[in-house]
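If you follow the hints, you should be able to join the two separate chains into one complex; please do so.
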Amino acid sequence: MQENYLAKWLSGELSEAELAEFKKSDEYASYQKLKEVSGTLKAPEFNVDSALQTLKEDHIGKAPKVITLNPFKKFLRVAAVIAVLLAGSYFYVSTLDESVITGFAEHSEVTLPDNSEIFLNAGTKVSFSKKDWDTKRNVSLEGEAFFKVAKGKKFTVSTDHGTVTVLGTQFNVENREGFFEVTCYEGLVSVTHNNTETKLPAGSSFVVVNGKIANSTKLSTAQPTWMNNESSFESIPLGYVLSELERQYNINVKTENVNTDLLFTGTFSNTDLNMALKSISTPSKIRYKKEGDNVLFYAGNATQ
Amino acid sequence: MNNVCEDQIFSSIFKANSKTIFNYIYYKFGNEEKAHDAVQEAFVKLWENCAKVTPEKAKSYVYTVANNLYLNVIKAEKVRLKYAKGANDRTNESPEFLMEEKEYQEKLDRALNALPENQRTTFLLNRIDGKKYAEIAEMEGVSVKAIEKRMHLALKSLREQIDGI
Chain P
30 MQENYLAKWL SGELSEAELA EFKKSDEYAS YQKLKEVSGT LKAPEFNVDS ALQTLKEDHI
90 GKAPKVITLN PFKKFLRVAA VIAVLLAGSY FYVSTLDESV ITGFAEHSEV TLPDNSEIFL
150 NAGTKVSFSK KDWDTKRNVS LEGEAFFKVA KGKKFTVSTD HGTVTVLGTQ FNVENREGFF
210 EVTCYEGLVS VTHNNTETKL PAGSSFVVVN GKIANSTKLS TAQPTWMNNE SSFESIPLGY
270 VLSELERQYN INVKTENVNT DLLFTGTFSN TDLNMALKSI STPSKIRYKK EGDNVLFYAG
330 NATQ
Chain A
995 MNNVCEDQIF SSIFKANSKT IFNYIYYKFG NEEKAHDAVQ EAFVKLWENC AKVTPEKAKS
1055 YVYTVANNLY LNVIKAEKVR LKYAKGANDR TNESPEFLME EKEYQEKLDR ALNALPENQR
1115 TTFLLNRIDG KKYAEIAEME GVSVKAIEKR MHLALKSLRE QIDGI
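Just so you know, the sequences run in chain order P and A. Position 86, counted from 1, in the first sequence is what this note's numbering calls 115; the numbers after and before it change by one each time, with no gaps. Position 23, counted from 1, in the second sequence is what this note's numbering calls 1017; the numbers after and before it change by one each time, with no gaps.
Just chain A, same shape as in the assembly (with noise of 0.2 Å):
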C-alpha cells in the first residue's frame, strides 16, 4: 500500500521537496533560519497527518504548511545570493572584466531585493530551482498566466534598475 506514513515513500518525498521548500522560503524572507524550520515544520505535519494525505497530494501539501508557516508573521529580510564560480568558460578573464562582473552582480543583488516578494519567488524558482511556471504556479496557489505576470514583471523591473532607468 502507498502511504504517506511509511518510512521510505515519507523520506522519498522529503528528499524530492525539502530544497525546494527551503529556498522557497527563504527567497521570500531572506532568512535562512526561518528556511530550515519551514522544511521541519511543513515535514513534521505531514507526518502528523500521514494517513490522510496521499503521496500525490503531499507535495502541494507540504508547500502549503510552508507558504501558511509565515504568513505576515516575520518581516522579509534581504535575499543574499551567491554566484556559481566559472560559469562561463572565459579563461582570460581580466582585472576589468571582474570588477564588471562584480559591479553586476551587485547591482542584481539590490534589483532583487528591491522586488515584490512574489515577483523575486517566482524570479529565482525558475532560475534558480529550474522550476517551470506550472510547477511554481501550483505552489504559489495561482494560475500559470499570473506567474507569466510576475515573471514578466520581475524581468522589467529588474532590468531596468540594473540599466538605471
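Only chain P is shown next, with the shape it has when bound in the complex (with noise of 0.2 Å):
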C-alpha cells in the first residue's frame, strides 16, 4: 500500500488493485462510515453578499485608497509641462507693457487700473506696465492724448520729447515727430524738457516745435478741443496742421509750392473733411483739389 494511501483514497486515487486491497481491510467500513458523515459537515452560516457590502461600507469607504497613477502618469506629466508653460508664459504676459494704439480716423479711451483715464487721439500708441502700477504710474506716448488722471502717486508721461509728470490733475500730451505739446487743464504739470523742469499751471501749455520752445497761449476750453471733434492751432507751422489732418480723416495730404512752415491759427472740423479743408485753405490762402483719399494744397488766389 503507497505512502498517505488514505488521502489517495479518499481523492479516488488509488489503484484497482489498492483499492480492492484496502475494501478487505478492517478498517474499510469505519472509514467508509468516516468519508460519508463527514460529507455532510457544514461550515457556519457565511452571506457572501452582506460581508462584501460592509467591506465596502465600513472599511473601503473610509480606507485610503491607494490609486494607481500609472495610466495617468504619462498624461501627468504632459500637463506638468503644460502647466509650467502656461504659468510661465502667463508671468512672462503679465510683465509685458500693455498697450493700446489708434490708427488714422480713429480715437479710443483707456482706463488704467488707478480709474485715471487717457483719451487717445487719431495716430497715437500709449503703452503702460499693467504689474506695476501700484507701485510705479508710469505711461509711455507716441502721438496725442488727454490725461485725466487721478489723485495719487507721482504720475509720469514718458515721451522721446522729454517727461511729464503729475500728482492728479488733466492734461494733454502731444508728441509728434518734431513736435511736443504738453497742456495743463487741472492743477500742476511738471514738464522735463532737455533736462529742464517747466511747470505749468491749468489753462496753460508748453510747446517744442523743431526742437524750440514756443510761446504758449493761454487756454479757453476746459478739454482739448480734439475730444470735441475739432483741431485747433494756435501759431503751429502750416505742415504740422496738415499732418494732422491726414491723422484725423486718414488721407494723404500733398503740397505744392505752399510754405508748410508759416504759422497757422485756427481749427478745423474732425468730423467734416470739406469744412476742415476750408478751415485750413481759406486763412492760409492756398486752394486745394480732392481726389479720392488724396488732397493736394497748392498756391494760388484764395478761393471765393
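No wet-lab data here; the hints were simulated from the structure. All C-beta atoms, glycine included, are put in the ideal place defined by N, C-alpha and C. Nothing false has been slipped in among the hints.
One side only, chain P facing chain A, incomplete, derived with CB under 7 Å:
#1 36
#2 69
#3 70
#4 77
Following this line, the structure appears as C-alpha cells:
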C-alpha cells in the first residue's frame, strides 16, 4: 500500500488493486462511514453579499485607497509641462506692457488700473505696465492723448521729447515728429524737456516745435478741442496742421509751392472734411484739390 | 485593463474567495467572529494594494493575509459544525438509527477538535469546501505531498478516535 493511501483513497487516486486490498481491510467500513458522514458536514453560515457590503461601507469607503497612477503618469507629466509653460507664459505676458494703439481717423479711451483715464487722439500709441501700476504710474506715449489722472502717486508720461509728471490732474500731451505740446487743464503739470523742468499751471501749454520752445498761450477750453472733434492750433507751422489733418481723416495730403512753415492759427472740424479743408485753405490763402483719399494743397489765389 | 482596483473585478474575487477564507479561519480557530474579521481584513488589504496585486495573484494574496493575521495570536476554540439533514435517502429512520447517528456525530466532533489545527483545516477544506489537495497546498503554502500526509494522518486519527482505539 502506497504512502498516504488514506488521502489517495479519499481523492479517488488509488489503483484498482490497491482499492480492492483496502476494501478487504478491517478498518475499511469505519473509513467509509467517516467519509460519508464528514461529507454531510456544514460550516457556519456566511453571507457573501452582506460581507461584501460591510466591507465596502465600513472599510473601503473610509480606508485611504491606494489609486494606481500608472495609466495617468504619462498624462500627468504632459499636463505638468503644459501647466508650467502656461504659468510661465502667463507670468511673462503679465510683466509685458499693455499697449493701446489708435490708427488714423480713430479715437480710443483707456482706463488705467487706478481709474485714471487716457483719451487717445488719432495715430497714437500708449503703453503701460499693468503689473507695476501700484508702484509706478508710468505711461509711454507716441502721438497725442488727453490724461485725466486720479489723485495718487507721481504719474509720469514718458515721451521721446521729455517727460511729464503730475500728481493728479487733467492734461493733454502731443508728441509727434518734431512737435511736442503739453497742455494743462487742471492742477499743476511738470514738464521736463532737455533736462529743463517747466511747471505748467492750469490753463497753459508748453509747446516745442523742431526743438525750439514756442510761446505758450492761455487756453479758453476745459478740454483739448480734439475731444470735441475739432483740431485747434495757435501759431503752429502749417506742416503740422496738415499732418494732423492726415491723421484725423486718414487721407494723404500733398503740397505744391506751399510754405509749410507758415504759422497757422485756427480750428478745423474732425468730422467734416470739406469744412476742414476750407478752414485750412482760406486763412492760409492756398487752394486745394481733392481726389478720393488724396488732397493736394497748392499756391494760388484764395478761393472765393 | 484587468485591475483589482476595478470594482467589478474586486467584487468577483471577493465572491469567489471570501467564503473559503471564512471557513479556513473558522476551521483553524473555531471562532466565527475572528473568521468574519479575517475576511474583512484580508480584502481591505487587497483593496489598499490593488494596484500592486494582479488578479491572478489576488487569491493567494488574500489567503496569505488571512493566514498571517492571527498567527499565534488567538487560542483555538472548539470548532462547531453542523450536519446536513437528510443527506441520505433512507426514509425509514428508526429511533435507534437516529440515536446512533447522533452519537457518531458527537464522536466525530470530538475527534475533529482533538486534531492538530493543520490536519483539521486540511480535512475540512476537503470535506466541506471540496477543495482539491493542490488548492489546499496553495492556501497553506506547502507541498501537495504535505497536504496528503496531513489528510492521511487526519483520517487515521479520526478513525482511531471514533472507533475508540
